[in-house]
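Peer 1: One letter stands for each residue in the lines below.
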Amino acid sequence: DAKTTQPPSMDCAEGRAANLPCNHSTISGNEYVYWYRQIHSQGPQYIIHGLKNNETNEMASLIITEDRKSSTLILPHATLRDTAVYYCIVRPELRSGGSNYKLTFGKGTLLTVNP
Amino acid sequence: NAGVTQTPKFRILKIGQSMTLQCTQDMNHNYMYWYRQDPGMGLKLIYYSVGAGITDKGEVPNGYNVSRSTTEDFPLRLELAAPSQTSVYFCASSFPGGQTEAFFGQGTRLTVV
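If you're matching them up, the sequences are chains A and B in order. Under the numbering used here, think of the first position of the first sequence as 1, with each following residue one higher. Under the numbering used here, think of the first position of the second sequence as 1001, with each following residue one higher.
A hint or two may mislead.
Cβ pair distances, simulated, as ranges [to be verified]:
1) B:SER1067 / A:ASP11: 41 to 51 angstroms
2) B:LEU1080 / A:ASP11: 25 to 35 angstroms
3) B:MET1041 / A:GLY29: 29 to 39 angstroms
4) B:THR1020 / A:ILE63: 39 to 49 angstroms
Listed next, the stretches of chain B that the computed footprint assigns to chain A, with coverage defined by at least 3 CB atoms under 8 angstroms from CB atoms of chain A [to be verified]:
5) 1042-1054
6) 1063-1072
7) 1101-1108
Quick list of in silico lysine-lysine cross-link-like pairs, DSS-like style, CA-CA up to 25 angstroms [what the hints assert, rightly or not]:
8) B:LYS1057 / A:LYS3
9) B:LYS1009 / A:LYS3
10) A:LYS3 / B:LYS1014
11) A:LYS107 / B:LYS1014
12) B:LYS1057 / B:LYS1009
13) B:LYS1044 / B:LYS1057
I should point out that these hints are in silico values taken from the structure, not numbers from a laboratory. Cβ coordinates follow ideal geometry from the N, Cα and C atoms, glycine included.
Work out the full structure, taking the sequences as your base and the hints as a guide.
Peer 2: Take a look at the structure:
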């Protein structure tokens, strides 16, 4: 699986947009970019994923560069409850009978939202 | 749906003791996983299963065993507990196929003394 690089920590003011970067320069054509977050000591929570188009859901937006070597997770209006470790994960598309379905977690980015 | 349920939430073991961490899911997911997370670190995959009767090793399987007799349950067994197994353990599950999210339990915090 392609490796990802994220900054260890970031700060954001409450109410402002939080932009979390991720580099995945060795990503392959069939690999998706997934984002999860882990709020203190809880189990990780899925946020969003994408292949090459930008994606948006009720939690966040995902912007993937045209060459797919990096991406940015955007929390449009960060709240104190968004303080968490955010993980960027590259994962091959699961295929029937395939084995590349596991998620490989790095250390992620600790986002601290300040009042 | 309860999602992924792990028991117990906390446990203290003495060196050499054994125990089973329970994980059950009610979403009819084929895939289930066990991760461990050491302080300040990311999650590391211990074992995974693609369906009942099928299990395989992840990154850090030594000292653990698993079984998958039903779709719902995926217990993790520690046979001879060691201090190095002090960690938080997370179970997860997902559907097969592309573009599926994994659902995680709330974790079991294990201390081996």
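Peer 1: Which hint numbers doesn't this structure obey?
Peer 2: 2, 6, 9, 10 and 11
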